[in-house]
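Participant: For reference, the chains in residue letters:
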Amino acid sequence: MHVTVDQDRCCSSGQCVLTAPTVFDQSDEDGVVLLLQADPAPALHSQLRTAAALCPGGAITLTEADR
Amino acid sequence: MTSLHEPSELAALRFPEPRAEGCPFDPPPAYRQPAGRVTLWDGTPCWVLTDYRHVRAVLSDRRFSADVRHPGFPFLSPGRRELVGEQPSFLRLDDPEHQRLRRMMTGDFLVKRIEQLRPRIQRIVDEALDAMVAKGQPADLVTDFAFPVPSLVICELLGVPYDDHEYFQELSRRLLDSTAGPAAVSEALDGLTDYMAGLAASKQGEPDGIVARLAARDDLTPEEVAANAVLLLLAGHETTANMTSLSALALLQHPDQLARLRAEPELIPGAVEELLRYLTIVHAGLPRVALEDVEFDDGLRIGAGEGVFVMLGAANRDEELFASGDQLDVGRDARRHLAFGFGVHQCLGQPLARVELQVALATLLRRLPGLRLTVPFEEVRFRSSALIYGLHELPVAW
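The listed protein sequences derive, respectively, from chains A and B.
Counting from 1, one number per residue, gives the positions in the first sequence under this note's numbering.
Counting from 1, one number per residue, gives the positions in the second sequence under this note's numbering.
No lab work stands behind these hints, which were simulated from the structure alone.
Since this is a predicted model, take the numbers as computed values, not measurements.
Think of the CB as a built atom: it goes at the ideal place given N, C-alpha and C, for glycine as much as any other residue.
Keep in mind that a hint or two might mislead.
Under 10 Å between C-beta atoms, here's a sample of chain A residues computed to sit facing chain B [what the hints assert, rightly or not]:
#, residue
1, D25
2, S27
3, D28
4, D30
The task is simple: from the sequences and hints, build the whole structure.
Facilitator: If you want it as structure tokens, here you go:
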């Protein structure tokens, strides 16, 4: 699974950081999403789906590699 | 039942609507109807949307504006319409202006920054409980605990003197009263704005606190500083305060859930999400106006210039998302709730609200194992006409 983030759509709600803290971070200055890893291990995929669903700005896109 | 595609019956949207007898935690039945068109107090037709998918779709669609100055923007009352002439905070602006302003404040509410505040919040909670216990029984959980905790925290963050809390809390209460007319709304907002403008001016050159930092920026007018600082002050204490007292009451009324939470305190973070969902204190409906024609997946069409109220409380009981949604279940995964709204305007302070509620409720349950109401449940007075739901008082002993 591949993750991309759109910083312009990010509204710094922090939902992604709460849900998948090893994949997402927030910039110190304005809280805009930072991607820590773009191809996380399968064990994290469920967290990632939740984070993408919870993101209020629609800033997280997941691409299923096998599909 | 109103058909989505042929909305025929124009009923009036009123606020507040009565809640069902004996069900003060459930949204008013009038707000749980299927999507439909209604008329407002001024005769304007407007949409009311109540299911999760519609509510989420509207709030995340940039074709719906939160800017009260757009023609067709729906107002709940004459008092609310008074806001048109006021300096808007970022809450009432669309992107890109909304984003520009909001991002000046998001850095203060980062998840990691709020986590660092947790010990300080714990101390504030402990001290408030110490003071309440020392004062003796019975106590009013609203004034002795639920209000002081978030007020002290937001005052520290903003750099607002807590000693002024009676003044700004009274103005907040008047501003958020849906029955307040145009003059009362103006007066309350002007009072808060003048207070904050004076504070900002006095803080020029000071290093600490959000107000001082905003005041030091050369890309903000003094009016913008005041309007946005007022928003943070209001949103920072009214919301968490009312959630805290309502949560305590809801748990006391659900002894099985309360017992489970006491036995399994690790459930607290999830329980806070469930209480946010179940109680949904932003209970009046969020207003938006369509900037262009919008058609939803299911065929619902909203025309350019038409107003919409989305009902968060009804959406948070949507059975498609939350099975047995009318039940409080502290073990449920409720994270998809819309209590903080959705879209770019979703609550800026939610990381702070979460930690405050987690610490306040965990500490309350741990330290006061005998917590109980001292009046019959039927006598507890709810803040029905306030735009943020809550309790007038909560008499308790322990």
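Participant: Hint by hint, say whether it matches the structure.
Facilitator: Taking the hints in turn, this is what the structure says about them:
Annotation: interface hint on D25/A holds; nearest CB of chain B at approximately 8 Å, less than 10 Å. Satisfaction of the interface hint for S27/A is found here, the shortest Cβ-Cβ separation to chain B being roughly 8 Å, below the 10 Å cut-off. Because the smallest distance between the Cβ of D28/A and any Cβ of chain B comes to about 7 Å, under 10 Å, the interface hint for this residue holds. Given hint, D30/A at the interface with chain B, holds; its Cβ is 4 Å from that chain's nearest Cβ, closer than 10 Å.
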